[in-house]
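Protein sequence lines, in the order shown, are assigned to chains A and B.
The numbering of the first sequence is the numbering used here, which starts it at 1 and goes up by one.
The numbering of the second sequence is the numbering used here, which starts it at 113 and goes up by one.
Mixed in with the good hints there might be a few duds.
With a straight-line Cα cutoff of 27 Å, these simulated DSSO-like cross-link-like pairs (lysine-lysine) come out [stated by the list, open to error]:
1. B/Lys217 - A/Lys100
2. B/Lys166 - A/Lys100
3. A/Lys57 - B/Lys214
4. A/Lys100 - A/Lys57
No lab work stands behind these hints, which were simulated from the structure alone.
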Amino acid sequence: KAGVTQTPRYLIKTRGQQVTLSCSPISGHRSVSWYQQTPGQGLQFLFEYFSETQRNKGNFPGRFSGRQFSNSRSEMNVSTLELGDSALYLCASRRGFDEKLFFGSGTQLSVL
Amino acid sequence: KNEVEQSPQNLTAQEGEFITINCSYSVGISALHWLQQHPGGGIVSLFMLSSGKKKHGRLIATINIQEKHSSLHITASHPRDSAVYICAVYGGGSQGNLIFGKGTKLSVKP
């Protein structure tokens, strides 16, 4: 059974650009959540989607957005990139709300 | 004060030792995760629990809802257990908004 797949693995962008990250969940998992990890702030929750609807959102500016498609694949978009957006972005999927999370390997974003 | 506090921040142990990592939280929660992150970034969910105790191999996780405290125990530790262990809770009764601790870096020496 394939795990959670995130693409791309590494990304380099410049300030002001926008970026789209992709996450394919485990087959049968309808929930996809996104997280940002930095050395200073640690892991922080961005948002969660379930059946194409955003169910929860963390405390991030509106430049961070996401969506989920009918096949449960999810994308995260960050517009007008800032240096502080450099981070490891992780997604996770789960079958239901009382089940364990399965994480992808992450996308390492560097903003120059 | 962070809503999720872990202790210790760093832990060095000799192979075979019994290890305990603690997590205290200040928010009302619906469930708690223990996560393991190896160098390179990959995260594995070890346990999700909302009451009592769970065991998987050499790992044991307990939670006391009244005291807002959880512990992760590793019996007969091994160098391959070296990793960062992170406690995360679903705060405010929400089943989605995870709040993370800063993590405990464990190093097990042979």
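Hints and how they fare:
{"no.": "1", "hint": "B/Lys217 - A/Lys100", "in the structure": "holds (22 Å)"}
{"no.": "2", "hint": "B/Lys166 - A/Lys100", "in the structure": "holds (13 Å)"}
{"no.": "3", "hint": "A/Lys57 - B/Lys214", "in the structure": "holds (20 Å)"}
{"no.": "4", "hint": "A/Lys100 - A/Lys57", "in the structure": "holds (19 Å)"}
The structure is consistent with each of the numbered hints, conforming to all of them.
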